[in-house]
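Enquirer: Turn these sequences into a full structure, and let the hints steer you where they fit.
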Amino acid sequence: MNILETLYVLFNNKRFMIGFGIILFQLLLSFLGPLLYPVDPFSTDNPPWTPPNEVYPLGTDRSGRDVLSMIFHGIRNSLYVGVLTGLFTIIIGIIVGLISGIKGGLLDEILMAMTNIVMLIPGVLLAILIITYIGYENARLELVALVLSITAWPGFARAVRSQVLSLREREFVYLSRIAGYNSLKIAFQDILPHLATFTLVSFVNYINLGINGEVGLSILGLTPMNIMTLGKILYFAAITQAFILGKWWTFIPAGLLQVLLSVSLLLIATGIDEVFNPRLRGM
Amino acid sequence: MKRLEVKNVKAYYRLLIGNKEVDVKAVDGVNLEIRKGEILGLVGESGCGKSTLAKVMSMNIKPPLYFKGGSVVLHTRDGKSIELSKLHKEELKKNIWGKHIAIIPQEAMSALMPTLKIKRIAYDVLRSHNPNITLEETVSVLKKRLEELGLPDWVVDRYPFELSGGMQQRTVIAISTLLNPEVLLVDEPTSALDVSTQKIVIKTLWRLAAKGIVDSMVFITHDISVVRQIADRIAVMYAGKIVEVASTEDIIFEPMHPYTKGLIDSIISLEPEVRKRGLRYIPGQPPNLINPPKGCRFVNRCPFAKDICSTKEPPLTKINHNRLVACWLHIQG
Amino acid sequence: MSCVLLETKNLTKIFESGFLRKVYIKAVDNVDIALKEAEVVSLAGQSGSGKTTLAKMILRILEPTSGEIIFQGKNIWRDLKGLKDLKWYWRNVHIIFQNPFANFNPFYKVDRTLRQALELIGIDPDSGEGKKLMREAVEVVGLRPDETLGKYPHQLSGGQLQRIMIARAWIVRPKLLLADEPVSMLDVSTRGKILELFLKLRDEQKTTVLFITHDFGLAYVVSDRIMIMYKGKIIEEGDPEEVFFNPKHEYTKELIESVPTLYRRWKFDL
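Residue numbers (the numbering used here), protein chains in the order written: chain A, 1 to 283; chain B, 284 to 616; chain C, 617 to 886.
Mixed in with the good hints, there may be bad ones.
Stated by the list, open to error - Only pairs whose alpha carbons sit at most 30 Å apart, straight line, appear in this in silico DSSO-like list of lysine-lysine:
| id | chain 1 | residue 1 | chain 2 | residue 2 |
| --- | --- | --- | --- | --- |
| 1 | C | Lys767 | B | Lys303 |
| 2 | C | Lys869 | C | Lys642 |
| 3 | C | Lys791 | B | Lys486 |
| 4 | C | Lys767 | B | Lys559 |
| 5 | C | Lys791 | A | Lys185 |
| 6 | A | Lys103 | C | Lys725 |
| 7 | A | Lys103 | C | Lys883 |
| 8 | B | Lys285 | B | Lys372 |
| 9 | C | Lys725 | A | Lys185 |
| 10 | C | Lys642 | A | Lys185 |
| 11 | B | Lys559 | C | Lys816 |
| 12 | C | Lys847 | C | Lys791 |
| 13 | B | Lys486 | C | Lys869 |
| 14 | B | Lys303 | A | Lys14 |
| 15 | C | Lys703 | A | Lys103 |
| 16 | B | Lys426 | C | Lys883 |
| 17 | C | Lys697 | A | Lys185 |
| 18 | C | Lys822 | C | Lys700 |
| 19 | C | Lys690 | A | Lys103 |
| 20 | A | Lys103 | C | Lys642 |
| 21 | A | Lys185 | C | Lys883 |
Derived from the structure by calculation, the hints contain no laboratory data.
Expert: Set out below in structure tokens:
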């Protein structure tokens, strides 16, 4: 299958198409929104607790921040954190898993011991430690993504390693080896292509994890205060007791978009899996 | 005399290549009769259409395979003649398969339901033909049959995965012939087994015929050395056509068709005359069955090819009462 | 008497499995074999007898539990250091694996396996010479280059893939060729031509072929010498006539009786 055919098959998959559509819609919102509706999301010059009306389409929160504008900026930053988390996790996981699986021996033992240790550390605790150490005034979204990836990569690294271990015993890998290929060449030419689908699916899933993880950290107040994200909107709603006071417009739209984002990413992941995984094809 | 007649049958696979529909002529005008009480070996190499012919004989046809023309007639024990190619799938399922014709496809043993005990599997088979039968009756019928075939009776209480490959295959054979069908079609029953189990399975098949449990048998295989152990006659298939039918001894010791000759010469077996003879082979490759050649299909590999061979197709012709050959060397043009 | 090319001494491979209660399987058990220059030797046995494990150790891709493998005076698990030594070894000892479908990485065209062989013997696969050699090798195994080169593995049949693997061995022309069921996917009528290639390699290139097979008939017809393997041990060794028609071991006798013969018919009784 060449790339064009692959894309054709992918776009004929219903799940993938729905997921992709939702993501595209949110991306458009986050990029066109701030252009068409140029309002500062942190500006508190508006009246507080305004329900949605002609001036403030989604109302304002207790400090007078414009909810619509917060959402436009929030989606973009949340997606950014998600994609970064995905990237970091995949990169660390692939490197550790590949080296561990291909080299084996002592290096494998050390890397796997490390992986197991990291796996045991509670993620939130680590996040609190790192962020309080750096100070959340200095923290940026990249740091949030990094903190989330640090606890996410071990699972992926182990999965990569176990796949490499089984691929390593395949005849075509032996044949490359006895043709004098070194480990690096075998890793890139024979093993990595077989991991591509799994990696792509995992990447989408880790984006999801990043977006949700950011919400979690935000609600604990552990993310930078000067950057708007979907998590931050919910955080502001939480600390102003919007839930109890019934100011639904400050958290329902943001929460809904957040859930929609998660669902669309899951749909994309299963869609990719269906297209490339022969066992699921035709189901 | 005749048990099953296959007359001028054509069965093609319809495939989509690019955007074009093409027919792979897997069985292309085959005439063959299976006699009463015989074991017929149907041999040929991969892609010659032998498994397709087996499907046609039982009219077990599923897309992309379709029945293009001809007729298949079954003569039952009680003297009736049934044209199978005119029956609907439902009728075949209800009245023919299992009752008159049993089919054991390739890798049949892996099709045994892993979650059911052997007696349950047999029960389901028998119940589909006789709704009143009880599990106890099934067990006693099955035990009797296992004993006849030389299989231990503890098999009935086992799950398929508790049996070895050879035992599974023999159990499949026993269950699919519980209703004493007139014809048994077996496709490569021994190819996945090692030699010692292979011999036991062949013996089981021989017993099945020797005891009259099945009347006629068609044994489809690529391995002549295996089928020659029990076959009375052998039919040789090449590129969708039957090229020669004769008694087993005649096929092996006096083959007439150049393909049969080449094939027998190419066989490698554990026998001094084979080592002395050395390695032989037929040069070239079989033709493409999407566009088969006009004349004889073996013409491009045949060392004796004449002019007529590439222009006119040789019909399968009777040489004597026991032999049919489709070759211009042996028939008048 | 020609000289010994490769020998094994007390070669043993034990696989262990299980976590709390370890289970040990002796796949290869104290095997001593010696392969001479320019001979076809068959290593015959049923599946699970340890033939392939033995071949993998000789190929130096599976480390033995104990014992030595000596090739041209060098202990291959001790004396070969670095990729350069290994390349030298694999240029001299090559393999044709059993399952033709597993031999090819589905992401690449089948040419890749031949290009690897050319690189191994130091010929640029894109040079005129490399291209010529590749076409030649494919023709030698009875395939048409335009129908096979440039295709992906799933576009070819098992028989075609198996021939391409043999073409690879033909390019490398090793001193010792391990051939693990190399003709299992080929039709009876075309098998002879491919088998002839192995004999040709022996006669013209002085190649030693270790023919690994479960097919006693095949072993008998093509080999100069037979070794029969059973439960990790070599239980029978010698001249084909001697081994097959005067076997010492009960197991061999039993197996030989089960091998179907073309010119003789078995007798069964009810």
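Enquirer: All the hints need checking, so say for each whether the structure fits it.
Expert: Right, here's what the structure says about each hint:
Distance check on the hinted pair: Lys767(C) and Lys303(B) sit about 21 Å apart at the alpha-carbon level, within 30 Å; holds. For the proposed pair Lys869(C) and Lys642(C), the alpha carbon gap of about 24 Å is at most 30 Å, so the pair holds. Of the supplied pair hints, the one linking Lys791(C) and Lys486(B) is violated, its CA atoms being roughly 44 Å apart against a limit of 30 Å. Between Lys767(C) and Lys559(B) the alpha-carbon distance is near 39 Å, which puts this suggested pair outside the 30 Å criterion.
Restraint check: the Cα-Cα separation between Lys791(C) and Lys185(A) comes to about 26 Å, which is no more than 30 Å; the hinted pair holds. For a cut-off of 30 Å, the pair hint linking Lys103(A) to Lys725(C) stands: about 27 Å separates their Cα positions. Of the pairs offered as hints, the one joining Lys103(A) and Lys883(C) is violated, with about 57 Å between alpha carbons and a cut-off of 30 Å exceeded. Between Lys285(B) and Lys372(B) the alpha-carbon distance is near 24 Å, which keeps this suggested pair within the 30 Å criterion.
A C-alpha spacing of about 17 Å is found between Lys725(C) and Lys185(A), which places the hinted pair at or below 30 Å, so the restraint holds. Simply put, Lys642(C) and Lys185(A) have alpha-carbon atoms about 33 Å apart, too far for the 30 Å limit, and the pair is violated. For the suggested pair Lys559(B) and Lys816(C), the alpha carbons sit about 18 Å apart, so the restraint of at most 30 Å is met. With a C-alpha separation of about 28 Å, the suggested pairing of Lys847(C) with Lys791(C) holds against the 30 Å cut-off.
Between Lys486(B) and Lys869(C) the CA atoms are separated by roughly 19 Å; this keeps the pair inside 30 Å, and the hint holds. About 27 Å separates the Cα atoms of Lys303(B) and Lys14(A), which keeps this hinted pair within 30 Å; it holds. Straight-line distance between C-alpha atoms of Lys703(C) and Lys103(A) comes to about 19 Å, which keeps the hinted pair within the 30 Å bound. Restraint check for Lys426(B) and Lys883(C): satisfied, since their Cα atoms lie roughly 26 Å apart, inside the 30 Å limit.
For the proposed pair Lys697(C) and Lys185(A), the alpha carbon gap of about 19 Å is at most 30 Å, so the pair holds. For the suggested pair Lys822(C) and Lys700(C), the alpha carbons sit about 24 Å apart, so the restraint of at most 30 Å is met. Pair hint Lys690(C) plus Lys103(A) holds up; C-alpha atoms about 25 Å apart against a cutoff of 30 Å. Note on Lys103(A) and Lys642(C): the hinted pairing holds, with a Cα-Cα distance of about 26 Å set against a maximum of 30 Å.
Distance restraint check for Lys185(A) and Lys883(C): the Cα-Cα separation of roughly 58 Å exceeds the 30 Å cut-off, and the hinted pair is therefore not satisfied.
Taken one by one, the earlier hints fail for this structure at numbers 3, 4, 7, 10, 21, listed in ascending order.
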